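Novice: Residue strings, one per chain:
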Amino acid sequence: MHPTPLMPTEWIWSDSSETLTLHELSLCCGLTDADLNELMDYSALAPLAPVAPLVSDATVCAFSSEWIAPLRVASRLRVDFDLEVFAIAIVLGHLNRIETLEREVLSLKARLRPAQQSQSVGLE
Amino acid sequence: MHYKDYYAALGIPKNADLDQIKKAYRQLAHAYHPDVSKAPDAEARFKDAAQAYATLKDPVKRAAYDQLEPLAPNTEFTPPPQWQEDHSDTWHSFEYMDLDELMAAMGKGGKGAHGPHSPMPINGRDYENTVHISLEDARRGTALTIEVAATEGQRTLQVAIPPGVREGQRVRLRGQGGHGRHGGGNGDLYLRIALKTHPVFRPDRHDLYFDLFLSPWEAALGAEVQVPTLDGAVLLTVPSGTPAGRTLRLRGRGLAKDHSDLFALVHIANPPTLNSQERKLYQELASTSAFNPRSFPLETPHAPHTPHAH
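Just so you know, the protein sequences line up as chains A and B, in that order.
Here the first sequence is numbered in the numbering used here, starting from 1 and rising by one per residue.
Here the second sequence is numbered in the numbering used here, starting from 1001 and rising by one per residue.
Derived from the structure by calculation, the hints contain no laboratory data.
Note that the structure is a prediction, hence the values are computed from the model and not measured.
C-beta: ideal position from N, C-alpha, C; glycine also.
Possibly wrong hints are sitting among the right ones.
[Said to hold, decoys possible] With a Cα cut of at most 20 Å, we get these calculated SDA-like pairs of lysine to any residue: (1) B/K1023 - A/F81; (2) B/K1196 - B/A1290; (3) A/K109 - B/D1231; (4) A/K109 - B/V1200; (5) B/K1057 - A/V85; (6) B/K1023 - A/K109.
[Said to hold, decoys possible] Every beta carbon over 10 Å from chain B, so not counted as near; a handful from chain A, in silico: (7) H23; (8) C28; (9) G30; (10) N37; (11) I90; (12) L95; (13) E102.
[Unchecked claim] Covered by chain A, per the in silico footprint, the following chain B stretches (three or more residues, Cβ under 8 Å): (14) 1018–1027; (15) 1040–1053; (16) 1165–1172; (17) 1197–1206.
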């Protein structure tokens, strides 16, 4: 079977350079608009700072596409464990914290010699 | 398609109420979730339980399921004639559908039922995959051929990785997931970049680090040393008096050419053994130099503390 070539233009980076509306985010992560609004109520999901401060409608808020990955994990856990949105809000906070800590560990490991890494307690 | 006994999958009687269904599912989910359980059949058992729960927790789906004639597990199962008639165009693909999706497609899923002749659009599934690439490929960009396990069979995709990617970066390839049915959109393919371990360089986001070992005289006098980069060896000027622990930067030599650097972490290595000439030179240096690397104050030991009499 010949592989289907994908053009680079079809790439959408899931990082801070890309933004999504609330509805686009809901389509990506499998949660409803209402679920995402509830997560915002719990301060578990935050939009980017609005360009026009007078706009308060959540449907026109922009979100970093960095939210896609943790929200997809949270959405899967919600289905798998039959969790309520409030539980997802707690999970989301922990997922983001784990992501931050993992980045810091990688950053510190890059600055340590391998011999030092193996001597460090708890890093391996 | 094969008949599945959803009640048996959850280990509950046919007259179980919603609380019993939920409790049984949660017990199984806790025991067999792939993120938690190491059992070899965990994923399959969890999938069975999840499929059963998705149907039995929904009164409409459960009623539709209960109308089916009970069969022995895994018996070849043919949906009722009306179902075949309604979906003659997709009948050949029924073996790839699960019972829950089938009922949703028949408009028996509760939400969004469109009637028997207007089946509900089903969006294709999203796929997630991790691609492992070398640091060299991350800097230069590469083309990867990846296999995706799709519902309709194995799919092979060629994906262009642009230059300058880093560990953990994620990308969405719109419409490259599972095919939608009945007008539903195709799913997306989510890729996560994982960088392979390199024998020399360690990545930190787009920057790279490596260990640069210098002899004591190179560190003291300064030197031009050849160091590796992802594009080949280059000459690095080590300033005189470079201490251990200092970081020397090679601009633009990280994973992204325009905004990342390569950092050399300086270590000072002593010769494992000294010949007589080297020993003599070191002894000469020791007697000549006034340098003391230990700057912490050294106090004379105190006499034992004697309490004052009051």
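Novice: A separate judgement is required for each hint: does it hold in the structure or not?
Specialist: Now the hints, each set against the structure:
1. Among the hinted pairs, B/K1023 with A/F81 is consistent with the structure: their alpha-carbon atoms are about 11 Å apart, no more than 20 Å.
2. As the CA atoms of B/K1196 and B/A1290 are separated by approximately 47 Å, the hinted pair breaks the 20 Å bound.
3. Distance restraint check for A/K109 and B/D1231: the Cα-Cα separation of roughly 23 Å exceeds the 20 Å cut-off, and the hinted pair is therefore not satisfied.
4. For the proposed pair A/K109 and B/V1200, the alpha carbon gap of about 13 Å is at most 20 Å, so the pair holds.
5. Restraint check for B/K1057 and A/V85: satisfied, since their Cα atoms lie roughly 18 Å apart, inside the 20 Å limit.
6. Taken as a hint, the B/K1023 and A/K109 pair is broken in the structure, with Cα atoms around 43 Å apart against an allowance of 20 Å.
7. With a minimum CB-CB distance of about 14 Å to chain B, A/H23 clears the 10 Å threshold, and the non-interface call stands.
8. The claim that A/C28 lies off the interface is violated: its Cβ sits roughly 7 Å from the closest Cβ of chain B, which falls inside the 10 Å cut-off.
9. The Cβ of A/G30 does not lie farther than 10 Å from every Cβ of chain B; its closest approach is about 8 Å, which violates its non-interface assignment.
10. Every beta carbon of chain B lies more than 10 Å from that of A/N37, the smallest distance being close to 19 Å; the non-interface claim holds.
11. A/I90, annotated as away from the interface, keeps every beta carbon of chain B farther than 10 Å; the closest lies near 16 Å.
12. With a cut of 10 Å on Cβ distances, A/L95 stays outside the contact zone with chain B, its closest approach being about 12 Å.
13. Not every Cβ of chain B is farther than 10 Å from the Cβ of A/E102; the closest lies at roughly 8 Å, contradicting the non-interface assignment.
14. With 3 residues bearing a CB less than 8 Å from a CB of chain A, the stretch 1018–1027 of chain B meets the requirement of three and the coverage assertion stands.
15. Counting residues of the stretch 1040–1053 of chain B whose beta-carbon sits less than 8 Å from any beta-carbon of chain A gives 3, enough to reach three: the coverage restraint holds.
16. For a cut-off of 8 Å, the count of residues in the stretch 1165–1172 of chain B with a CB near a CB of chain A stands at 6, and the three-residue condition holds.
17. Only residues whose C-beta sits within less than 8 Å of a C-beta in chain A count toward coverage, and the stretch 1197–1206 of chain B has 4 of them, enough to reach three; the restraint holds.
In this structure, the earlier hints numbered 2, 3, 6, 8, 9, 13 are contradicted, and the remaining ones agree with it.
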